[in-house]
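So the sequences go chain by chain: A and B.
For what it's worth, my numbering labels the leading residue of the first sequence as 45, then goes sequentially.
For what it's worth, my numbering labels the leading residue of the second sequence as 45, then goes sequentially.
Do not take every clue at face value.
[To be verified] One-sided and incomplete, this derived list gives chain B residues near chain A with beta-carbon spacing under 10 Å:
1) V50
2) L51
3) A55
4) T61
5) M71
6) M73
7) R80
8) D81
9) E98
10) Q100
11) G153
12) E165
[Said to hold, decoys possible] Per label pair, the in silico range of CB-to-CB distance:
13) D166/A - G234/B: 38 to 46 Å
14) H143/A - I219/B: 35 to 43 Å
15) E174/B - H227/A: 41 to 49 Å
16) R240/A - V50/B: 52 to 60 Å
17) T196/B - D166/A: 49 to 57 Å
18) E140/A - L225/B: 48 to 56 Å
19) T142/A - S189/B: 37 to 45 Å
No lab work stands behind these hints, which were simulated from the structure alone.
For every residue, glycine included, the Cβ atom is placed at its ideal position computed from N, Cα and C.
Protein chains: 2
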Amino acid sequence: MPLSSVLLENAVDQLSTLPGIGRRTAMRMALDLLRRDGAAVHRFTEAVRRMRDEIQYCSTCCNISDRPVCEICSAPGRERGTICVVEDISAVIAIENTHRFKGLYHVLGGVISPMDGVGPEDLQIARLLERVAEGGVEEVILALSATLEGDTTSFFLNKRLGERGIRVSVIARGISVGGDLEHVDELTLGRSIMDRKPYEEAVRR
Amino acid sequence: MPLSSVLLENAVDQLSTLPGIGRRTAMRMALDLLRRDGAAVHRFTEAVRRMRDEIQYCSTCCNISDRPVCEICSAPGRERGTICVVEDISAVIAIENTHRFKGLYHVLGGVISPMDGVGPEDLQIARLLERVAEGGVEEVILALSATLEGDTTSFFLNKRLGERGIRVSVIARGISVGGDLEHVDELTLGRSIMDRKPYEEAVRR
Numbered sequence: 045m046p047l048s049s050v051l052l053e054n055a056v057d058q059l060s061t062l063p064g065i066g067r068r069t070a071m072r073m074a075l076d077l078l079r080r081d082g083a084a085v086h087r088f089t090e091a092v093r094r095m096r097d098e099i100q101y102c103s104t105c106c107n108i109s110d111r112p113v114c115e116i117c118s119a120p121g122r123e124r125g126t127i128c129v130v131e132d133i134s135a136v137i138a139i140e141n142t143h144r145f146k147g148l149y150h151v152l153g154g155v156i157s158p159m160d161g162v163g164p165e166d167l168q169i170a171r172l173l174e175r176v177a178e179g180g181v182e183e184v185i186l187a188l189s190a191t192l193e194g195d196t197t198s199f200f201l202n203k204r205l206g207e208r209g210i211r212v213s214v215i216a217r218g219i220s221v222g223g224d225l226e227h228v229d230e231l232t233l234g235r236s237i238m239d240r241k242p243y244e245e246a247v248r249r
Numbered sequence: 045m046p047l048s049s050v051l052l053e054n055a056v057d058q059l060s061t062l063p064g065i066g067r068r069t070a071m072r073m074a075l076d077l078l079r080r081d082g083a084a085v086h087r088f089t090e091a092v093r094r095m096r097d098e099i100q101y102c103s104t105c106c107n108i109s110d111r112p113v114c115e116i117c118s119a120p121g122r123e124r125g126t127i128c129v130v131e132d133i134s135a136v137i138a139i140e141n142t143h144r145f146k147g148l149y150h151v152l153g154g155v156i157s158p159m160d161g162v163g164p165e166d167l168q169i170a171r172l173l174e175r176v177a178e179g180g181v182e183e184v185i186l187a188l189s190a191t192l193e194g195d196t197t198s199f200f201l202n203k204r205l206g207e208r209g210i211r212v213s214v215i216a217r218g219i220s221v222g223g224d225l226e227h228v229d230e231l232t233l234g235r236s237i238m239d240r241k242p243y244e245e246a247v248r249r
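Extracted from the complex, chain A is given alone in its bound form (with noise of 0.2 Å):
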């Protein structure tokens, strides 16, 4: 059966287009919205509009930022010999939640994919390579997703950093800590036997 309102259609076929969002949630989202007053409505559809028009970008390590040059970058007490490359700004909060982690970072934005028509050249890659060309820059830690896209983004990177002489590594993978052994999935858990450390090292941390 079609809506009762083409006003109604519509709002439900733009909330579907979000992430994971379906039809049957799109409604519940659009009668919850129908439901709070115009003032508030206005706040929601605002904060998205002038999110997208207003953003802005670190000119150094790409990130979203409010400033042209931002927070972690600007920071005096960071290692700026190390740079984290990461697909978006999500990886940078994890990352910086866990503490482990003083360097620089670098976001992509995204990794390629030629399935969503994603290249090299629609990532921030021309600018990390700026980056290490302006010198200071001893690694690069590579830290995206255990994809084929972001592996496929992985070989890219290092096959061009290592041109440029940058020792380039990539952040471990194996079991969860705490982890319950049962429910690894075979390939993680052959990879956590293949890069097995000494007793005396895994448990120094």
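Chain A is fixed; fit chain B onto it per the hints.
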């Protein structure tokens, strides 16, 4: 860690007000919206804004409608003596999809819920009583959620409609058609035993 952008922060805050959306999903939505071009995001925000600002309701049944009287209320073939009372448009769509109901609807706009500050006066109950007072209504079918709030609302409506000599019925509760008995909760199973039907009558439909 606070986000590096107030614009992003505001958009994530607003997206996480949608029902069932936590901050992590809201972040994923915000990043997805950021990757779209400006026009696509404007289509999104405009669809939501216009729905909220311009939506209209049927003057008879209070369902969302782009016309003063909705398609169902103005259809000549519907049985005008039966009104099915529902919470919102999703219930209308669900019931229409069953093709088992040929009467009219009345959309309350929610259920009585003191916890959420929703009283009878916040719902389209006065309009329902008006419709009944206009005459020609023989039966009112209550098709509300089988929750505490839905039951409270049904109790309230039955009282008000009963006073006016209207036949009030409630949709059947029991095990799902095609449902596995093992997964039915005890309350529903108990109810389905109490409300059992003669075999001949049950298989006839």
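Here is what the structure says about each hint:
The interface hint given for V50/B holds, since its Cβ lies 6 Å from the closest Cβ of chain A, which is under the 10 Å cut-off. Restraint check, L51/B versus chain A: the minimum CB separation of about 5 Å is within 10 Å; hint holds. Hint status for A55/B: holds, given a least beta-carbon distance of 4 Å to chain A, under 10 Å. Taking 10 Å as the C-beta cut-off, the interface hint given for T61/B holds, the closest approach to chain A being about 7 Å.
Interface hint status for M71/B: upheld, as the beta-carbon distance to the closest one in chain A is roughly 6 Å, under 10 Å. A cut of 10 Å between beta carbons decides the hint on M73/B: the least distance to chain A is about 5 Å, and the hint holds. Taken as an interface hint, R80/B checks out: its beta carbon lies about 8 Å from the nearest beta carbon of chain A, inside 10 Å. Because the closest C-beta pair between D81/B and chain A is about 9 Å apart, less than 10 Å, the hint holds.
With a cut of 10 Å, the hint placing E98/B at the interface with chain A holds, because the nearest CB-to-CB distance is about 6 Å. Because the beta carbon of Q100/B sits about 8 Å from the nearest beta carbon in chain A, less than 10 Å, this interface hint is met. This hint holds: G153/B has a C-beta 8 Å from the nearest C-beta of chain A, less than the 10 Å allowed. Because the smallest distance between the Cβ of E165/B and any Cβ of chain A comes to about 16 Å, over 10 Å, the interface hint for this residue is violated.
At about 60 Å, the CB distance of D166/A to G234/B disagrees with the hint of 38 to 46 Å. For H143/A and I219/B, the Cβ-Cβ distance of about 53 Å falls outside the hinted range of 35 to 43 Å, so the restraint is violated. Here the CB-CB span from E174/B to H227/A is close to 59 Å, at odds with the stated 41 to 49 Å. The given range of 52 to 60 Å is broken by R240/A and V50/B, whose C-beta atoms sit roughly 45 Å from each other.
Taking the beta carbon of each, T196/B and D166/A are about 55 Å apart, inside 49 to 57 Å as hinted. Checked against the hint of 48 to 56 Å, the C-beta distance between E140/A and L225/B comes to roughly 51 Å, which is consistent with it. Checking the proposed 37 to 45 Å range against T142/A and S189/B shows it holds: the Cβ atoms sit about 44 Å from each other.
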